[in-house]
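Each chain, letter by letter, is given below.
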Amino acid sequence: MLRILLLLVALTTPAQSEEVVAGLSQNTISISTNFDGSEILIFGAVKREQQIDRDSDLGVIVTVAGPRQSLTVRRKDKWAIIWVNQDSLEVQSAPSFYAIATSAPFSDMISDEADQQHLISVDRAISAGVASEGVIDKDNFTEALIRIRSKANLYQMNESSVALRADTLFNTSIALPANLVAGNYTVRFLLTRDQQVVSQYETAIFVNKVGLERFLYSLAHEQPIWYGLMSLAIAIAAGWGAAAVFRYIRS
Amino acid sequence: MQVYLPIAEVSVNAFLLLGLGGIVGILSGMFGVGGGFLMTPLLFFIGIPPAVAVATEANQIVASSFSGVLAHLKRKTVDLRMGVVLLIGGLVGAALGVQIFNFLRALGQVDLLVKLCYVLFLGIIGSLMFVESLNAIRNTRKGKPPARKRHNWIHNLPFKMKFRTSGLYISVIPPVIVGVLVGILAAIMGVGGGFIMVPAMIYLLGMPTKVVVGTSLFQIIFVTAFTTMLHATTNFTVDIVLAVLLLIGGVVGAQIGARIGVKLKAEQLRILLAAMVLLVCGKLAFDLLVQPSELYSIGAEGGH
Chain A
1 MLRILLLLVA LTTPAQSEEV VAGLSQNTIS ISTNFDGSEI LIFGAVKREQ
51 QIDRDSDLGV IVTVAGPRQS LTVRRKDKWA IIWVNQDSLE VQSAPSFYAI
101 ATSAPFSDMI SDEADQQHLI SVDRAISAGV ASEGVIDKDN FTEALIRIRS
151 KANLYQMNES SVALRADTLF NTSIALPANL VAGNYTVRFL LTRDQQVVSQ
201 YETAIFVNKV GLERFLYSLA HEQPIWYGLM SLAIAIAAGW GAAAVFRYIR
251 S
Chain B
1 MQVYLPIAEV SVNAFLLLGL GGIVGILSGM FGVGGGFLMT PLLFFIGIPP
51 AVAVATEANQ IVASSFSGVL AHLKRKTVDL RMGVVLLIGG LVGAALGVQI
101 FNFLRALGQV DLLVKLCYVL FLGIIGSLMF VESLNAIRNT RKGKPPARKR
151 HNWIHNLPFK MKFRTSGLYI SVIPPVIVGV LVGILAAIMG VGGGFIMVPA
201 MIYLLGMPTK VVVGTSLFQI IFVTAFTTML HATTNFTVDI VLAVLLLIGG
251 VVGAQIGARI GVKLKAEQLR ILLAAMVLLV CGKLAFDLLV QPSELYSIGA
301 EGGH
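Heads up: the protein sequence lines correspond to chains A and B, in order. Everything in the first sequence is counted per the numbering used here, starting at 1 for the first residue and increasing by one. Everything in the second sequence is counted per the numbering used here, starting at 1 for the first residue and increasing by one.
Treat the hints as calculated values from the structure; they're not laboratory data. A quick note: this is a predicted structure, and the numbers were derived from the prediction, not measured. All C-beta atoms in this analysis are idealised placements derived from N, C-alpha and C, irrespective of residue type, glycine included. Check before you lean on any hint, since a few could be wrong.
[To be verified] Straight-line alpha carbon distances no greater than 35 Å define the calculated DSBU-like cross-link-like pairs of lysine-lysine that follow:
#1 B:162 with B:283
#2 B:74 with B:160
#3 A:47 with A:138
#4 A:151 with B:283
#5 A:151 with B:74
#6 B:74 with B:162
#7 B:76 with B:142
#8 B:142 with B:115
#9 B:115 with A:138
#10 B:263 with B:283
#11 A:76 with B:74
#12 B:162 with B:210
#13 B:115 with B:210
#14 B:142 with B:263
#15 B:210 with B:76
#16 B:283 with A:76
#17 B:142 with B:210
#18 B:283 with A:78
#19 B:74 with A:78
#20 B:160 with B:283
#21 B:162 with B:76
#22 B:76 with B:265
#23 B:74 with B:210
#24 A:138 with B:283
[Stated by the list, open to error] Facing chain B, from chain A, some residues (calculated, C-beta under 7 Å):
#25 24
#26 36
#27 224
#28 243
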């Protein structure tokens, strides 16, 4: 009953004038032994219920965010004559991966307030998970986190990489690096006009380990004693095997 | 060929790992060191998370040491009795070392202490060995006979035991203490501890160099097997795929190394090992002294 009521409410609320209809080349990514990164193709169209005045430019922003993790950022300082980790900042939750693709330069497409509200840019998306107490210059730590992860292609800002045709069809691709963490990756689509978000849509990509990778990972976590013994058995067998092979070669 | 490591969650080149394993394996077979003190920093360098590198390295050392010890057993250069005495100390030390490690981790400075341990021990041992073997080489050139083993305070301790393979009749206290200390350091530094044990056996216990290598490998197998189990059951950081790749290279290298080792003179072996130890020490000291290009680092929560 309640569901029908909710459905009615949903149907009677006026539809947004513009909506995203989107697709992904794949919505699961399997990490197998020879996994070497992956590229996902993202495409879609803008659906319109009514005519839109063409004064403002339409923009498309796509973000892909990996599973959130807690981590510690440490800073080295000179202590006597050696460099030592001193100050540190605990980050409660930072995405393990974050990529943005836009159809135009980011700052032209969206206002600072809208960015603050929707947490789109790398800075905003990361800073949201950083605790405010503690270190005085936490901005330096957040910047360092983004700098280090950007170098590893884990945080990406790809401006003007979304191809938008006739204000309707768009497509882009996002490269996922090889050191991908398994989990749910959230893909967000945002339509912008006049530096404001006019519509958004969210979907997910599932990244998981398959085959041998999955077997070993679950064995290591669920049967650690057997996993440990297996590792030792393999090590000893390999050591003995090599010795035997060399003895055979020499004789 | 890229391989995705299931526990480390990174993708690395399989041939790079095989090559690293091979080179470290050769050194391991030549000198009777597990090679952990070289391999662990190398693994950090290619982007393996430190916790995984340390735990997996322990497993890999089991393989290369086992392979090496078989070659030494055939040549009868393992003092099993001495090995067991060292091992008893080693297991006690490893258990203690893990406790110390966890305590330091709670303080948040474990990385620094591990590095300082490296610099300190590698520096002292490397310089002592270097000077000593240089003198030995100079003496043999001049035709002087090598200095006879002196009797020192170590020979006046109780609980004496006969170690026939080493030709020693000494108290069991010094080997047990050496075992405990090496066990502690091994657990803290994530290595087998051969590079500390080998000189300790030569200079403190007065064992013949040829026996020292096989005996230390023998002891290392068990201590690292114990460490592997501790890491696998508490931290889940042993990456078997990484270990297999390293040990394929490692066991082959260890066999080659053991054969090169036979061809070299004891003094030459020692001076080479000393030079290598000093090199690693210098690199680590350099990293501590010079301002790093990136002052910040990202660690999983809970340190390390």
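field: Hint check, failures only
entry: 1, 3, 5, 8, 11, 19, 20 and 25
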